[in-house]
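Chain X is fixed; fit chain E with the ligand onto it per the hints.
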Amino acid sequence: MTTRKLGRGVALVGAGMSKFGSFPGKNSRDLFVEAFQEMRASVDKGLDPRDIEALFIGNYSSDLFENQGHTAPIMADWVGLTPRPAVRIEDACASGGAALRQGLLAVASGMYDMVLVGGIEKMTDLPTERVTDTLATAADMVYEIPAGFTFPGFYAAMATAYMAQYGAPLDVFLKVGLKNHDNGALNDKAQFGQRISSIMEARKASAAKKGNPIPTWETEMDFLRDPRANITIAWPMRLYDCSPISDGAAAVLLVSEEIARKFTDAPLYYIGSGQASDAALHDRPTLTSLPSAKLAAQSAYEMAGVKPADIDVVEVHDCFTIAEIIASEDLGFFKSGEGWKAVEEGVTARSGKRPINTSGGLKSKGHPVGASGVGQVLEIWKQLRGQAGERQLPGAPRLGLTHNVGGTGQTTVVNIFERR
Amino acid sequence: MIDNQFTSTAYYQSVAEEKISGTHCKACGALHLPPRPICPRCLSDDVEWVEFGGKGVLKAFTVVYIAPTVMIAAGYGRNNPYVAGIVQLDEGPCISAQILGLDMAHPETIAIGAPLSATFVERGEGEAKKKFLAFQA
Ligand SMILES: [Zn+2]
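Chains as they are written, first to last, in my numbering: chain X, 1252 to 1671; chain E, 54 to 190.
Do not rely on the hints blindly, as some may be mistaken.
Claimed, not checked - FRET-style restraints, in silico, Cβ to Cβ:
(1) X/T1333 / E/Q189: 56 to 64 Å
(2) X/Q1416 / E/S97: 28 to 36 Å
(3) E/G130 / X/Q1416: 29 to 37 Å
(4) X/P1464 / E/T60: 55 to 63 Å
(5) E/A158 / X/E1595: 43 to 51 Å
(6) E/G128 / X/H1321: 32 to 40 Å
(7) E/K183 / X/P1536: 28 to 36 Å
(8) E/E161 / X/S1602: 31 to 39 Å
(9) X/G1418 / E/V110: 17 to 25 Å
(10) X/I1465 / E/E161: 27 to 35 Å
Calculated from the structure, these hints are not laboratory results. A quick note: this is a predicted structure, and the numbers were derived from the prediction, not measured. All residues carry an ideal CB built from backbone N, CA and C; glycine is no exception.
Chain X with its partners taken away, still in its complex shape (with noise of 0.2 Å):
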């Protein structure tokens, strides 16, 4: 493979999210306008929005959730920035992570100085089964949805050929989760932010006030293993396996690396971005790895000039807890086959040596899936500069990097950041 460059550098100078969650009476644009104000004030020497000279927007489908086409306008318009050029970019859950991807490009060949990259979906004001039908339209709706697949039911086929070819057990899942939501209990901008054992804790309390009978879940595992508590979505995928139906909005402003400092003394350099294609997942050579996510990361670290090993901060489209492990296998962070073993021994959690998803990742923070690419920015932003709070990484992070898939592969596209 041919190792591409960009034209000049791009640098990364405010990033901002609505909190992720259920919003209602609230559509995208409510929301985006939320991001954007959060982004102008994390520019830290100021910023004028009329420097903006276009705008990439990543959404999945308000078409089908808010009965909206032509979505990008109307975000340039409600933050005061026609007659910009503004496009919407879809690739499915991968809208956000392509639209970042997008800008980068428009930077780096010179033809603007300043974009802004936003991601944004509203999906809850539709009926589950309605959401459901919605997000299988990222799939083949000729070849593979009439064999009944929903998304989770994709994810949960994946899992049984990864347990079948790797010997993982079925607990193994549940952990992913669990960690997902230790660290998701740390970042006020999720939608489900609260640990196992809160939640746990929560419904032990409403049963005693409804004069039920109080469930006898000792630990965490006991709660996520009991079918009442957890219930199958499509086995092996319970509900605790699954991301949320969300709504939510981010923007990020990506200027030129010869003026980024006009912006903040701590920018964040864009200096990988991977992305491909591929195939229904039924036409794939393998079930257990996403090819698309490995050629993507190899385009990405070799852009970027880096190594797995060298990545600091990682955000992975964790869209169902075994995508999480698949992810952390095709980024090259372990053996094919291996991810698994590491959920079990705590490697990838926040304390770990390979932290994953310290945001809470989708399952915790939130997945409005056109906003979840440019989100996931949001925690490397954070993380790279020191401002990630309670769930900062030690050791002043230098190297972040983003994993963002759409549908169950045709997509991916990887970004890699770095603190210079």
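Okay, now just chain E with the ligand, sitting in the frame of chain X:
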């Protein structure tokens, strides 16, 4: 003018006749299911129809409890789950399909590699009624 005959409509017409039709690339020999007008392996468009025998093995599966609306309309859901899976045909290609006859109450006993045979299921009402490829354990 090029008139591509290897369409999804043609594929589903063959399914309606309870046949499994894909393509054979005359340039490199690759087989594809569903049919493909351009061979993704060698990029040749010199392809022809081929019929698959319908025997295969289970590669991956799931037992779906939270169903999409089309499957809810077909009577499935929380209290009546179903299996969706990926099947590798003896000829090589893999396809997604509903799988019948597996022990859904004990999914941990379902073996990857289990032999399966093609069958056909009908879903939808009236004009929208359509046959789909499925497999039987
Ligand atoms: Zn060929």
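Verification of the hints:
1. X/T1333 / E/Q189: 56 to 64 Å: Given a distance of about 58 Å, which is inside 56 to 64 Å, the answer is holds.
2. X/Q1416 / E/S97: 28 to 36 Å: Given range 28 to 36 Å: holds, Cβ gap about 33 Å.
3. E/G130 / X/Q1416: 29 to 37 Å: 31 Å, holds
4. X/P1464 / E/T60: 55 to 63 Å: 58 Å, holds
5. E/A158 / X/E1595: 43 to 51 Å: Given a distance of about 28 Å, which is not inside 43 to 51 Å, the answer is violated.
6. E/G128 / X/H1321: 32 to 40 Å: 38 Å, holds
7. E/K183 / X/P1536: 28 to 36 Å: 30 Å, holds
8. E/E161 / X/S1602: 31 to 39 Å: Holds, since E/E161 and X/S1602 (Cβ atoms, about 32 Å apart) stay within the stated range.
9. X/G1418 / E/V110: 17 to 25 Å: 20 Å, holds
10. X/I1465 / E/E161: 27 to 35 Å: Distance hint for X/I1465, E/E161 holds at roughly 29 Å.
In summary, the structure is inconsistent with hint 5 from the numbered list given earlier, while agreeing with all the others.
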